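K.L.:
Listed below, chain by chain, are the residues.
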Amino acid sequence: MRRLTLAVAAAALLVPAVLLGSSAAPAVGADSDEAGTAVTVQGTGRFSNLKVTVSKTDHLVNEVVHITWSGLKGGSGDNFPANYLQIMQCWGDEAAPVREKCQFGGLVDIRYGGFNAANRQVNGQVVDPLETITKAPGQPNAYVPFQSVTGVTEPNTPSQFFGGYTTNEQPFGRTASDGTGQDYFEVQTGREAPGLGCGSRLPSGAARDCWLAIVPRDNVEVDGNPSSTGTLNSSPLSQTNWNDKLAVRLHFDPVGITCPIGTAEKRLLGQEEVSEAIVRWQPKLCGETGSIFGFSQVSGDLARNKVLDDDPWLNFVSRPLDPATVPEGRPVTYAPVTISALGIAFNLDIIPSFGAPADVQAKRGQRVESMKLSPRLVAKLLTQSYLAGSYSPGMPPGNAIDMLRDPEFKELNPQLAKIKTETPLVSLLQPLGLADGHAELWGYINSDTDAVDFIKGKADPWGMKINPRYKNLSLDRSDFPRSDLGQLNLGDNGAGGTIEVQELDARPFAADMHEVARSAVKGDTLSRTQYDRLANPPVFKKDPPQVGGQRSILGITDLPTALRYSLPMVSLKNAAGKYVAPTSASIRAGLAQMKKSEVDGVLLSNPDATDPEAYPIPVITYAVTSPQQLPADDAKAYSAFLKYAAVKGQVPGIEQGKLPGGYVPLPAAMVEQTLAAAGLIARRGDRTNEPAAEPSATPTDTVVPPASSGPVALPGVVPVAGNGAPSKGPVAAPVLTGPVASPFTTPDNAAGPQRYLLLAALALGLAAGAFKPLTTWLYARKLAASPHTTGPSS
Amino acid sequence: MKGIKRFSVAAIGLGVAGTLISAGMAVADPSGSPAANTRPLQGTGSDTSEEVMNGLSDAVTIGGSKVISSYNASGGTFTSRPTGCSYAATGTVGAPDGVLRPNGSGQGRAALVASETVGNPRENCLDFARSSSVGGTAGSNLTYIPFAKDAVAFAVTASSNLPKQLTLADLKAMYDCTYPGFEDNSAAAGWQSNFKALLPQSGSGSRDFFYNTILGYANSTLTGDPATVRGCVSDEKDRSGRGDYTNNNGIQEHRANVLDNNSIIGVSIAQYIAQATGTSPTFIGKGVLGSIVNTAGDVPSYPFQLNTTYGTVAGAGDSQNAPATRDIYNVVPTADLNDPEVDQVFTGSDSLLCLQATLIAKYGFGTLGSACGATTITRNN
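Heads up: the sequence lines are chains A and B, in that order.
Going by the numbering used here, 951 is the number at position 172 of the first sequence; the sequence numbering is gapless.
Going by the numbering used here, 210 is the number at position 173 of the second sequence; the sequence numbering is gapless.
Same shape as in the complex, but just chain B (with noise of 0.2 Å):
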């Protein structure tokens, strides 16, 4: 079967539309009372589960009050406390001090560490992460805390020159730029070359959950100058190169309208669910949603409905089974996880977020059952 069948929404299952959140979309930064800066867990990071936190802001409430923000990975100033504890917003220079709204998995994490840091300049200002991969390095002075679970895919236009269906040698091969097409041409072409394999800028978790879980390359691979190394690969909307995000050029995580007909990327299943239901905002674009298959021409299952059991993703010759779906955390340091707020709407599966199992599945995620809200994940940051 050629191509991807577009879905329509009676297809994904999700429910009809009167059952979204609000009259569209929840917004960017927390709104409606108590002031967003008054409530007790604040959050950054990633762009994978900034809607879905959105929702769940407005939804849990304790003692009849709102106690998250969550801010989205890219937006305005905020205070995430009555006094101090300011963010600059995206894009900006940072001032008065240099510290910006934290963009994406790793430096919410990141802010997070901060926040806990005697002396840092943002100290007790967040009190937990959004994180879409448990990255940084062993230790425990965060806990990861579950509460969904996504799938990741790759992207590519309706009308792409590239296939809607991969074998994951395939992908790799795309990612190392061995694949036809994605060489690294001459240096008479200006090292270009003709198809790009994009991804989301650096410390996105999605960035890394895709590059290093699923295509199995370590960041170090991508240490070097494009012209020569893995020149096909580009987080960049100019596609100029790695790693110069100025003026805005750096990817951003699910927003599949930075393709075009020579491109491919990696989005979350549940972010194109919901952006493609009208749940979260779009930026589909043109983009649709391709499947790793197993073997060259074998009858895709398309992971359009979250499908539990797109668990693993065997690639071609020796097994290499990549896990293709994930978790998706909350990161709260280990130290907090006894605080009254945090054990309530965190930990375990009584949790008041993990109670919200309906309006998680409504923004494309799969949810977790028992498994929702365990604290036996640490890392140190």
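Just chain A, with the same shape it has in the complex (with noise of 0.2 Å):
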């Protein structure tokens, strides 16, 4: 057994409930207390009719709130020459938002709208009278400079703060002809954006307040003058267009936990299904502990075996351990702290068809808010069957281009007949590597009959085959295979060879469920599919990102990840042929069907679950560990931690230290459940023999810092100074790099760490179920194995 050494990347965040949209699937949680911190803003001059309304503006985390807005006089169509809403985030404690100040033309591949209308430039071909901004000394023309939170002034973007990948900004908010349109904004703390500083704690010990400002636009011009092009090309920091501008205050929760020096840091360690619960009890923890809880995201594997270490922490999984592996005597404690909901989560705007009905045409560019999938079609999407999500030859020629022109989608969700989408739907965004949850949701495509069947090869009512490369996959696995890498030629490069887009890039894998659905709501592919023939060597480039109203992207999720970006989840087929959205009530109707696993007080999904209200991926996240092997201190700590999360963790709201929305409070029997093990843990398991009294660990730094997103760390794991030999002794002081915004923050556009990611997906595709290779390419560092060893958990 592997004994890993981890520090512990204390990823503070804080996590409310966040709307979902306006939609069939009502919100779970805290949405009354969302709700309650909408703002509706008003324009005035010539956009006196414009009505702005922002979901939420108090407790903010790094999450996506959902803007509307009514009243522009006519619609800024695909290509933004006008009619349109500029928005950004800004810090500051003026009365109004101030133009140097905001996060704005860090965008670099800009396809619509004028020359100007998505930088800082406030010189161009129609002068603004208003405008004092000059050329400074050598610049080649006029920019509002951005000053930053940290002191720091720039002349102009390229900013060290923010780029192409990682702003928020929203030049081009889509407004339709009826002068109506929404978005879906990120808002986000100093990590995210370490220009604004927002959320950072002051002096005071208050958290920073930023502002959201919205610039409207129509057709005129800053010289007052319709554009003579019909299309705007100056900016929105141009003084006459920043004067129309409509602001709303953002209130964010303090980044960063703050205990008093020398508290006790104690590590948790598991599945990322528990995570936005516990990033959200965090702060309240060390006040009601004593301790502080640094939470590492690994995946159900790894955690199952740090159950058996000489130190087994407090571990997070969904599946138990295999009673074989545990030795005699050691018994294992389970108890539940989160309930929440595994799915696939979309972000589809609708394009209509060529020839669409008048009520599709309607539509244009609003969201889709609800989606059937059956097992067969999640499958379709999981295994490249789709002709244009494969690269190879072979493919079986009488299956569908891809999801929307698959009769199966058209037949169950009739209402999305007549739309497409700019590129072809035909995968999901996968989160790599091993984890309880895909598990979950192979289980899920595994209990249907037809999914079963198409996955043998058998073709769907309409002739559609599974792509041979998958062809009898095994169901029974926790990770998602790419076994067809095919490689597309793009033509010749020019100097003799041909370009090959592969696979890998074209369709490439999220880091987990975070990146997932942030990604998702921000219409990145992540796809590296532009050529750039200019750079040297010749390189692949990310794809820009979709433009909203335009956007198509399902991705594998849970529930309070994808409330917390916005995004909607799928209606999945049932044991009973229902379709079911995850809400509270059904999710509570799914976890009443789960049955009892041959462990004790650990249930397991029940695919024949057979209430038609049920929805057929619930996900139960326990706390597990060997309560007789854990320090005195350790066990003093993880019983308070467990107490907090069953009782007080439980409540839900969007405040710091509640149940974020997209959990579903445990019901009073787990609670009774979890309480019983914080007792047994207390007790350190009633352990007959006292062991001689043990060296408390070192005290490490605790004040953890609302520090810049600084280097990629390689998901929550550092290297640490030491050999990682098992010891009962101190160990060594951990070095915390620093809190992450997620354990799997992704750099801009370098390879860096994503392209071992890219590395371990194939090495994952090829040995499927065993965690070695994942730990071997990401870990640099020999680890060695603990007397303990009892071979891998099931």
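These are computed hints drawn from the structure, not numbers from a lab.
A few of these clues could be false.
Stated by the list, open to error - Derived EDC-like pairs (lysine to aspartate or glutamate); straight-line CA-CA distance at most 20 Å:
no. : chain 1 : residue 1 : chain 2 : residue 2
1   : A       : 1197      : B       : 207
2   : A       : 1142      : B       : 207
3   : A       : 1189      : B       : 220
4   : A       : 1320      : B       : 262
5   : A       : 1357      : A       : 1187
To be verified - So these bits of chain A aren't anywhere near chain B, every CB distance computed over 10 Å:
no. : residue
6   : 815
7   : 912
8   : 926
9   : 928
10  : 929
11  : 936
12  : 939
13  : 982
14  : 984
15  : 1066
16  : 1088
17  : 1203
18  : 1251
19  : 1270
20  : 1447
Unchecked claim - If you anchor each label on the Cβ, the simulated ranges turn out as follows:
no. : chain 1 : residue 1 : chain 2 : residue 2 : range
21  : A       : 1231      : B       : 298       : 44 to 54 Å
22  : B       : 407       : A       : 931       : 54 to 64 Å
23  : A       : 1232      : B       : 134       : 55 to 65 Å
24  : B       : 198       : A       : 942       : 43 to 53 Å
25  : A       : 1316      : B       : 417       : 14 to 24 Å
26  : B       : 385       : A       : 934       : 18 to 28 Å
All figures in this text were calculated on a predicted structure; none of them were measured in a lab.
Virtual Cβ for every residue (Gly too), placed ideally from N, Cα, C.
Two independent chains are provided; combine them into the complex using the hints.
P.N.:
Encoded structure:
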């Protein structure tokens, strides 16, 4: 059994509930609290009919808020010559946003709008009579400088603080011809936007508030005349445009945890499904328990292995350890801490097909709020069975080109039969690696006869067959294999060779479910298929993000994460044949149908659940440890953690310390189970022999600074000085890399660790089910074996 | 009114043949004295403005000497300085070191960036690039100086099976292969649609303007095997796919003779006019200009004489105004804006280029008046 010495990425993100948009599935959790923080503002002058509403403005963390508006005089069309909103986030405590303090002008690949509509340049062919900024010495044109919260002022973009793939600016808020529109805007804390520092703790202890600045554009240029070409070329920061801005104050929860210096840090290890809740609880846990809890996100397999370690920590899994792997006389305790749901989130905008009926045309640019998928459709997406999802020859010729053209999809979703997407919809954003949640999804597919038949090679009723490279795929797995690694020939490269797009560049994995959701809501497919001949050497650059109104991304994630990023989730077919989206009620119904596993205290999903209201993939996260192996102070801390988690942590709300949206509070019986486990852990499993007094762990740096997103650490892990040899002595003080926004923060455009993830994906695809390649690739450290090796859990 | 009235020179209002340049058309590469590779302003790039820049190269002098050498998008080998700086002929392997004559706006700008790059084998070889659109990424390395106005429409053959009036929605549907006849047909038919939507080869500024700006499609929508992704769109003369330009198979800009009765392509109207009047070598073949109309059945306004009110193209349903006019640019490194030749020839409405408004108009372009020669647009490449 490997002993892993892991430093902890104390990801102290604060996670609130986020409304699911206006839609079919009612939000789960703290939605009424959030609705109470919505703000509406009104325009002035030419824009006095304009009303803009921001869905959430308090207790903000890094999340996506829903902005809606009405009252513009016309539509922006597809190319944004005129009639749109420009939305940006700014810092500053003045009475209104100051343009120098706004994060804008960071986009590099801009397809739409006029020349300066998306940058900071304030001179152009049309002169703004109110503009006072002139060309600075050495600058080719006049720009509004960017004054960052750190004190550094830059004359223009490119900025060291925000770039093309990290900025949250929305220069082109799509507006329909009736003057209404909406946008899903990512608000960023100081971690994601270090130039703004929102949410950072001020000397007073309060969190820094920030602004949302919204500049409306109609068809009038800065000189008061309609644009001669119909396209507005001036920047929103040009003084005349800036004077029209609307402003909304954004109140953030403080970033980072504060605890007295010397507070012991305790480690939590486990699956992503519990991370939203833990991150929400972390700021309160210090005061409530006297410890800081740092969470590291790892697969269920690694977490289960940790339970059998000399120093077992507290770990989070959905599936129990295989009892055969647990040594005699070493009881393992399970305590449920969260209940949520796994599924498929989607960001799909309506683009009417050619010849679509008027009612579909009327919805151009709006989001699709509900979608039904059968297990077979999910299987098709996961097995590259659509023709445009494979670059290899030998695909069954009768297969549909993509899901929107699949008769099975159209029959199930007749309201979506007359829409199209800019690029074919052929796959899902899948998290890389092994996870219990992934196994749940495969288990769901495996429970459906049609889907299983499809995997075995049988054609669906319309003649579509599985991609032959996935035929007879084993569904007893916890990864998403990519078995068809074809290449696409893009033509000659002008130097005697050809340009080949690789499958994993066209459809990469996401690092985890958070990256799936965050990318999906921003229109980021993660693809890198833009061949830049002019780079030296030529390179594939990241595809530009899909523009609002033309987005089409689906991805695997859980409900709390989907809600945080304002994404709806797919209605999946349950065993009773009904299509159900994840809601409080449907998750509870699914929970009620879960069945006991062979391990006492652990429930497993039930593929034969008959309740027609049940959502088919509920997820329970259990805290698990070996109480007798815990050192005394760990036991005390973990016990306090579980007491908090079971009671105060189950109160829904958007404030720190509460249960974020997407989780269903534990029912009474589970609360009791967890409190009982907490008691057992406090007593260290009713140990009969007291070991020699153990030296306590060396106190570590405890104040976790709200640092900027510095160099990306590999997920949650930093090699620690020391050899990782098993010992009962003090663990070497871990190097806290400082909090990272998520354990899998993806760098802007560098290959970096993501490259390892791609290599790991290949390794995983070949050696499914073995977690060794993952650790070998990602951790360059030799791990010593522990005397308690009993072999990997199932 | 059905069909397009074939124009005649008189209807164009361009003036009589006697005012055409020299005895016919300007040649592909600079001629006359001083020798081409001694002139201070060497440039390559877009097809759209190659003839007008050739004409301007002959007309613009400083101290009685020609100062511009503009090389067409395709042609033979040339050198741009007295020593070194050789660019191989189009369609060859680019001996001695693989550097070819830049073909199109994108390659022209890339060659200019290379020329500004220390250590590049063609460092300091070029001074400007012809570009028919503002491309590249945000930044300020290069300044795009407009000197003429163009408009873009589509062309089909005179006897085409496709309509000569289309709404913007129709045109968009053709280029995403959902218009009837343009759909990806079955595997049994080899995934060949009946009709083909053609584009100039990748890197062309006119292609980008037509596909990105007028139609509103990102370049990433063309990534994928043409058998499954927008199979009706091709940039190859043999229509067998996309991106394979070997053996000169790439479609050049503004050559309507690539059309047959079942295909459509975007063209520069200025080019069309110039070719039709003999000012530029003609590649029109059987092509005729179509026009984009607001709603089906509108009386179209034919953009034969470059009509500067042919400004925005409205679409059906939602307001989908797409600017159909565009400025044409000479791109210079921002760092060179104060060089005496660059300053005199390119920048400001008093520049030598901008003073040649009459000449520019003879090539079918609109003129820009006081907006000519502005230096407010910069990009990184």
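K.L.:
Take the hints in turn and mark each one as holding or not.
P.N.:
These are the hints, each one checked on the structure:
no., hint, result
1, A:1197 x B:207, "16 Å, holds"
2, A:1142 x B:207, "19 Å, holds"
3, A:1189 x B:220, "18 Å, holds"
4, A:1320 x B:262, "19 Å, holds"
5, A:1357 x A:1187, "16 Å, holds"
6, 815, "34 Å, holds"
7, 912, "14 Å, holds"
8, 926, "20 Å, holds"
9, 928, "23 Å, holds"
10, 929, "23 Å, holds"
11, 936, "7 Å, violated"
12, 939, "15 Å, holds"
13, 982, "37 Å, holds"
14, 984, "39 Å, holds"
15, 1066, "47 Å, holds"
16, 1088, "47 Å, holds"
17, 1203, "6 Å, violated"
18, 1251, "24 Å, holds"
19, 1270, "3 Å, violated"
20, 1447, "52 Å, holds"
21, A:1231 x B:298: 44 to 54 Å, "51 Å, holds"
22, B:407 x A:931: 54 to 64 Å, "39 Å, violated"
23, A:1232 x B:134: 55 to 65 Å, "59 Å, holds"
24, B:198 x A:942: 43 to 53 Å, "48 Å, holds"
25, A:1316 x B:417: 14 to 24 Å, "19 Å, holds"
26, B:385 x A:934: 18 to 28 Å, "24 Å, holds"
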